[in-house]
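J.: If you're matching them up, the sequences are chains A and B in order. All residue numbers for the first sequence refer to the working numbering, where the first residue is 39 and numbers rise by one. All residue numbers for the second sequence refer to the working numbering, where the first residue is 6 and numbers rise by one.
Since the hints were made in silico from the structure, they are not lab data. Please note that the accuracy of each hint is not assured.
Said to hold, decoys possible - Simulated restraints, written as ranges between beta carbons of each label pair:
#1 B:Asp14 - A:Tyr90: 51 to 59 Å
#2 A:Arg310 - B:Leu296: 52 to 60 Å
#3 B:Tyr412 - A:Asp265: 33 to 41 Å
#4 A:Ala104 - B:Arg94: 45 to 53 Å
#5 A:Gln442 - B:Asp15: 29 to 37 Å
#6 A:Pro115 - B:Tyr153: 48 to 56 Å
#7 A:Arg308 - B:Pro82: 35 to 43 Å
#8 A:Gln120 - B:Arg252: 46 to 54 Å
Unchecked claim - Partial list, derived from the structure: chain A residues whose beta carbon lies under 8 Å from chain B:
#9 Gly147
#10 Leu151
#11 His167
#12 Gly219
#13 Ala335
As the list claims (entries may be wrong) - Computed list of chain B residues with no C-beta within reach of chain A, every gap over 10 Å:
#14 Arg49
#15 Lys51
#16 Leu74
#17 Val92
#18 Asp166
#19 Ala187
#20 Ala228
#21 Thr290
#22 Glu345
Just so it is clear, CB atoms sit at the ideal spot from N, CA and C, and this is done for glycine as well.
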Amino acid sequence: MATGNRDEERRVVVTGMGIVTAIGETLAEYRDSLLAGRSGITRWKQMDERIYSRIGGDLSDFDLKAHLARVGTGYSPSLVEQALRLLRATPLSGRLTAAAALQAFDDAGLLGLVSESYAERFGHVLAGHNLSGNYVYENALALQDEPEFIDPLFGLMFLDTDVLSVVSEMLGLKGSSFTVGGACASGNIALLAGLDLLRSGRAEAVLVSGAPPWLSPVMLQGWALIDALSVRSFNDEPARASRPFDVRREGFVPAEGAGAVVLETLAGARRRGARLYAELLGGAYSADASRLPKPDAAGQARAMRLALQDARIALERVDYINAHATSTVLGDAVEVQAIKQVFGRQAYGIPVNATKSMIGHCLTSAGVVEFIATVLQMECGWLHPTINLDEPEPGLDLDFVPHQARQYRAEVALSNAFGFGGINTCVVVGRQV
Amino acid sequence: MSFLWLGDDDRRVVVTGMGIVTPIGENLTEFRDSLRAGRSGIGRWKHMDERCLSKVGGDMSDFDLAGHLERVGSGYPPHLRERARTVLRATPLTGRLAAAAALQAFVDAGLPDAGLEPERVAHLFGGNNLNMNYFVQNVLEFADDPDYIDPLLGVVLWDTDILGKVGELLTVKGPNYTIGNACASGNVALLNGLDLLRSGRVDAVIASAATQELDPVALQGWALVDALVWRNFADEPQRASRPWDVRREGFVPGEGAGAVILETLAGARRRGAHVYAELLGGVLTCDATRLPKPLVEGQVRVMRSALESAGVAPEQVNYINAHATSTVLGDAVEAAAIKEVFGEHAYRIPINATKSMIGHCLTAAALVEFVAVLVQMEYGFLHPTINLEEPDAGLNLDLVPNAARPYQVEVAVSNSFGFGGLNACVVVGRAPEG
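Start from the sequences and build out the full structure, keeping to the hints where you can.
T.: Here is the structure:
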């Protein structure tokens with residue numbers, strides 16, 4: 039039974055979005071930076087100097103109070119007060135995610151409008167796992183020194199679910215709420231889990247939030263040791279380090295950044311007169327049955343095909359792809375191969391860009407952050423560039439939208455996300471509802 | 006059972022295989038016998054930092070996968086035993102426990118020879134923040150010298166490493182993700198599995214969960230928020246987990262794993278699978294509070310809507326597997342919530358606490374207890390709630406104290422509630438006739 043029923047209780051639309059990245063803390067800032075091809079990658083600001091990794095999208099000095107003063111002018115004072123109180127001692131991942139979620143809720147026109155019965159039908163799916171990395175790191179060292187020195191709230195706040203709960207408390211969400219993890223595909227998995235919550239009737243609206251792990255030096259060192267990161271050539275030119283499809287790419291550039299979207303059934307969105315950004319037409323998962331961090335074109339192609347099937351969209355209608363494209367040597371090449379497998383000759387006519395060229399790889403939130411980039415591009419009628427694509431690798435010969443934004447009205451887009459452990463996901467977005 | 010919702014058999018979801026690894030049993034037979042005998046699996050920690058306040062728990066830190074496979078896996082297909090050893094070689098405890106339970110369930114369901122398309126098989130793993138002790142140990146190595154960490158840490162540290170490994174072991178090529186819901190994670194994995202099957206995305210779901218590998222920092226953290234037992238019972242570990250008893254003082258963490266195979270009734274019948282039970286429905290809700298403070302109204306809401314989703318009236322429920330973690334507040338709140346949902350009928354429903362024997366398996370608890378429910382249903386008994394020497398005043402339900410009893414479970418409710426106001430309740434019924 040393909041889930042293609044088109045009635046309005048089962049169609050799912052995007053009605054609000056929020057974003058916090060190194061290149062923008064509002065939708066407008068983010069869109070403008072994307073179109074301008076601005077990089078958010080810098081030297082790490084306060085990282086252990088002994089590790090190989092030197093650069094990334096660093097939000098470690100994110101100041102929630104200043105953020106709310108700047109972008110939360112439409113929030114009620116009591117909400118701001120509550121957010122600051124709840125998030126006071128919350129580790130970075132939770133603060134970023136909560137800020138994005140507040141924006142999405144505001145953008146959807148939902149602040150202050152959620153009744154008790156609506157709240158009970160309002161789900162929350164959080165993309166992310168191992169979010170408290172640096173917090174665990176600090177407390178593990180504190181315990182080594184003296185067990186009584188750890189944060190008194192460690193028992194609650196190290197849990198990924200604390201991020202889920204703190205956001206749900208702030209917004210008063212009482213429906214089906216859980217986190218999902220699929221490594222770097224987590225964001226798309228959360229979108230799909232949200233889609234299925236709406237289609238199955240378990241929820242009338244769902245907040246899908248994408249939380250990034252708070253990066254610890256241990257994790258960064260671990261990735262450097264398996265040669266997954268850019269650590270060699272671009273430490274003095276951080277903005278040039280993330281270069282998907284380029285011949286000089288050498289690994290992903292990790293980044294902190296959060297995104298959130300409000301999904302609703304079309305019927306529910308129409309009932310309350312919500313603005314409709316786009317339709318989440320469908321999506322799918324596939325796995326490679328492999329523990330290795332080794333991408334597989336067949337698995338990626340299957341995820342794209344199944345996603346189109348789930349969305350009931352013919353191949354020919356796809357006119358834009360937001361690639362996973364992490365700037366790893368193998369990953370980018372395999373994804374191009376998979377796109378060619380799915381689309382054949384048509385692949386050469388589809389613009390394919392890489393949001394990660396600017397913001398780096400937000401890991402567990404990447405799928406959500408890039409979904410937002412996709413919707414924003416569809417809405418404004420432009421495609422953002424893939425920056426740093428100075429010399430495409432031979433054979434990587436698709437239209438990658440190099441260097442310059444382009445005026446373009448995408449109607450049906452794919453957004454890919456693939457994770458370590460052979461997890462492949464793809465979602466399909468339609469501009470017109 | 007005419008009261009059951011009679012949808013078509015493609016939407017009815019059944020359990021066709023189970024696996025379990027706990028300190029009181031590493032297969033269904035051992036687990037059944039221990040449950041019936043009221044055996045405790047709680048002991049002193051074997052290798053824990055002695056400075057931690059927490060002294061007792063269900064400790065599986067010396068779990069030996071090869072020995073386990075030799076002992077309980079003699080009937081497994083040899084290639085799977087071999088692959089388990091290869092794939093799990095350098096895997097922290099949680100992944101080894103999870104894989105052992107999932108493999109058991111897979112074999113129990115007859116899936117190695119079932120000819121399912123791997124693309125139509127999903128694995129949903131209930132849990133978050135899993136390889137904690139591995140991380141903590143590596144933090145200490147790192148502090149010494151950043152190059153001393155495990156060379157594979159960049160892969161192994163992530164919760165999803167377990168997905169890749171179980172996926173390779175059992176050739177899972179469908180949806181594959183972890184689900185975090187704190188102590189309710191296992192039930193949410195079951196519910197997402199239910200929805201995946203009903204949506205037609207897959208033909209079979211492996212729902213599994215394993216406790217996070219317990220580490221001194223998390224244990225100390227839970228002691229500091231006064232959630233776990235640490236004042237008394239250090240010298241009588243088996244008496245520490247005592248739900249509803251007047252001397253209870255907190256939960257006792259336990260390591261363990263559980264797994265089940267879910268299929269549609271139609272699919273199970275097509276391949277002639279043994280059906281243990283039907284997953285009639287369930288619901289998850291959130292209290293919109295981050296505090297680890299259980300709320301009667303939240304628990305009432307989740308049980309009521311779970312019954313509604315299952316098409317079951319309260320008086321049809323004849324067994325409840327309680328969340329009952331042995332905390333002072335939690336056990337009382339759950340009893341009050343059950344009374345509110347079931348009214349007079351509450352006093353006629355036997356309610357027991359699996360955690361009295363195995364402790365609290367945290368993110369795995371719900372799945373481990375779901376297996377306990379099905380084992381009791383299958384073998385016609387109720388396990389005791391041990392250590393219930395003097396029930397707290399007001400907790401006057403039938404809590405099956407201290408002795409097992411023969412009993413035919415028809416429709417069961419299994420509760421799980423997590424820190425942060427996360428509630429999940431599933432409803433399970435006997436295998437459909439025919």
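J.: Indicate, hint by hint, whether the structure satisfies it.
T.: Now the hints, each set against the structure:
1. B:Asp14 - A:Tyr90: 51 to 59 Å: Holds, since Asp14 (chain B) and Tyr90 (chain A) (Cβ atoms, about 56 Å apart) stay within the stated range.
2. A:Arg310 - B:Leu296: 52 to 60 Å: violated, 30 Å
3. B:Tyr412 - A:Asp265: 33 to 41 Å: violated, 58 Å
4. A:Ala104 - B:Arg94: 45 to 53 Å: Holds, since Ala104 (chain A) and Arg94 (chain B) (Cβ atoms, about 49 Å apart) stay within the stated range.
5. A:Gln442 - B:Asp15: 29 to 37 Å: violated, 51 Å
6. A:Pro115 - B:Tyr153: 48 to 56 Å: Cβ of Pro115 (chain A) to Cβ of Tyr153 (chain B): about 50 Å, so the range 48 to 56 Å holds.
7. A:Arg308 - B:Pro82: 35 to 43 Å: The hint (35 to 43 Å, Cβ to Cβ) is violated, given that Arg308 (chain A) and Pro82 (chain B) are roughly 53 Å apart.
8. A:Gln120 - B:Arg252: 46 to 54 Å: The hint (46 to 54 Å, Cβ to Cβ) is violated, given that Gln120 (chain A) and Arg252 (chain B) are roughly 39 Å apart.
9. Gly147: violated, 20 Å
10. Leu151: violated, 15 Å
11. His167: Status holds, d = 4 Å.
12. Gly219: holds, 4 Å
13. Ala335: violated, 14 Å
14. Arg49: The claim holds: Arg49 (chain B) sits with its nearest Cβ about 17 Å from chain A, beyond 10 Å.
15. Lys51: Per Cβ check, Lys51 (chain B) is outside 10 Å of chain A; nearest 18 Å; holds.
16. Leu74: Per Cβ check, Leu74 (chain B) is outside 10 Å of chain A; nearest 18 Å; holds.
17. Val92: violated, 6 Å
18. Asp166: violated, 6 Å
19. Ala187: About 4 Å separates Ala187 (chain B) from the closest Cβ of chain A, which leaves it inside 10 Å; violated.
20. Ala228: violated, 8 Å
21. Thr290: violated, 6 Å
22. Glu345: The claim holds: Glu345 (chain B) sits with its nearest Cβ about 17 Å from chain A, beyond 10 Å.
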